[in-house]
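Peer 1: Please construct the entire structure, taking both the sequences and the accompanying hints into account.
There are 4 protein chains.
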Amino acid sequence: MRFELATRYGDYDTKGHVNNAVFLTYFEMARARAWIEALEGNADFPFILAEATVQYRSQARIGDPLEIEITTTEVRTKAWVWSYVIRDPRDGRVVAEGRTVQVAYDYEGHRTIPIPADIAAKLLDWLGEHI
Amino acid sequence: MRFELATRYGDYDTKGHVNNAVFLTYFEMARARAWIEALEGNADFPFILAEATVQYRSQARIGDPLEIEITTTEVRTKAWVWSYVIRDPRDGRVVAEGRTVQVAYDYEGHRTIPIPADIAAKLLDWLGEHI
Amino acid sequence: MRFELATRYGDYDTKGHVNNAVFLTYFEMARARAWIEALEGNADFPFILAEATVQYRSQARIGDPLEIEITTTEVRTKAWVWSYVIRDPRDGRVVAEGRTVQVAYDYEGHRTIPIPADIAAKLLDWLGEHI
Amino acid sequence: MRFELATRYGDYDTKGHVNNAVFLTYFEMARARAWIEALEGNADFPFILAEATVQYRSQARIGDPLEIEITTTEVRTKAWVWSYVIRDPRDGRVVAEGRTVQVAYDYEGHRTIPIPADIAAKLLDWLGEHI
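Chains as they are written, first to last, in my numbering: chain P, 4 to 134; chain E, 4 to 134; chain W, 4 to 134; chain A, 4 to 134.
To be clear, the hints were calculated from the coordinates, so they are not data collected in a lab. What you are looking at is a predicted structure, and each value in this text was computed from that prediction instead of being measured.
Same chains, same label: a pair holds when it works inside one copy or across any pair of copies.
List of simulated lysine-lysine pairs, DSS-like, C-alpha gap at most 30 Å: (1) K81 to K18; (2) K125 to K81; (3) K125 to K18.
Peer 2: Printed below as a string of structure tokens:
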């Protein structure tokens with residue numbers, strides 16, 4: 004899944020580059036769309052975020068258009084891993100890459116659980132359509 | 004009530020000035036402290052924000068220390084008005100001023116109400132100690 | 004000029020409503036588009052922000068689509084005033100309104116100036132096309 | 004180096020937890036202080052951020068005090084690695100951990116360089132005083 008990022012003036016720092024923390028917000032924007040699309044609008048995802056990583060490859064300057072691609076490169080019994088690439092679509096230059104690890108969670112029992120079968124099926128269906 | 008603002012690198016825009024929207028966050032930081040102090044830690048304030056105004060007087064540059072002062076200049080039957088001044092404490096230069104109007108609200112009945120007497124008494128007590 | 008706002012999860016506060024400070028960011032998003040369109044991509048606007056006001060009319064809850072309309076209701080010799088209305092497009096409900104006052108500024112001379120004639124002409128042309 | 008984090012209401016999401024992206028801002032707050040202290044106020048650091056990682060260990064709820072500790076666990080010829088731990092100081096519970104990799108950079112030559120000797124000496128001095 005790939006779409007254009009709607010950047011904001013406040014995203015840029017004093018050097019005119021996207022601030023490093025904002026990339027996790029961009030990842031979150033992509034993830035929210037993917038969850039909603041894959042789980043058909045059910046916004047109550049039984050996952051907690053366990054880890055996030057960003058690799059900064061090149062500067063995103065004010066005025067540069069940005070595009071994000073989200074996919075899944077790894078699925079574990081208890082965890083779903085989203086991967087992200089942010090590019091300048093004019094030349095394909097990679098601005099940042101990263102991944103976030105989401106662990107299935109039982110909010111009532113306060114413990115991690117295997118990804119529920121129906122959720123896993125929907126996510127894998129979605130993934131199949133986007134490869 | 005007056006205290007030093009803990010600014011963040013992300014508050015500054017591409018020109019090295021505090022972004023205009025961040026001043027409402029600074030006001031909110033002051034208001035949160037004042038509510039908590041006046042209402043003795045009860046964080047469930049029966050108010051909704053009705054209006055906010057910011058006047059930008061001079062630039063806050065990265066590295067400039069900032070101090071905020073919050074006070075009340077107007078109390079109405081249904082509304083409590085907070086006023087704010089942000090200064091550079093080195094020379095007293097005013098960076099921004101503003102006010103926010105909070106209206107007492109019955110969240111269950113979904114309607115504005117007069118400020119409850121016990122809340123008003125606590126706020127006025129607090130105000131008396133800070134003039 | 005009217006367009007859909009791309010909201011972000013981080014815009015919402017603990018009550019599930021758009022945080023009050025974020026509305027100034029929404030205004031800024033509209034203003035940036037309008038400046039760029041009116042001044043034909045010249046992003047070096049000789050204006051400084053002098054004042055901003057937001058009136059909060061109803062809550063914007065997570066999942067509510069939001070649309071912003073920007074127009075000009077007042078032009079002074081030295082100042083250009085943008086006005087904003089944010090609505091839920093499903094029923095036209097007004098979520099917030101406001102205005103920002105921009106003053107023409109000579110960055111080299113460090114003083115306010117009358118709006119330069121060529122800039123004023125372009126802004127008024129744009130305005131004529133959007134009424 | 005360890006200090007209390009000044010959180011903001013806008014840091015919290017709809018579940019009342021610190022939003023995941025904000026942790027990179029907390030890391031940045033710690034890093035900025037450490038750089039300034041180590042390099043004696045010289046804010047022009049010849050580094051670019053290459054990578055950031057956050058591990059989310061437990062929830063930071065609104066009202067929870069938060070403390071951050073920053074240290075260095077790895078120094079390479081061209082890179083300086085900051086490590087961070089965020090805790091609730093009431094019981095030492097770890098909320099988040101992470102690290103950021105900064106690479107020395109020649110902004111004029113647009114290339115990575117070994118950490119300049121004088122910068123490295125100051126950083127190592129600072130590190131020695133904080134272990």
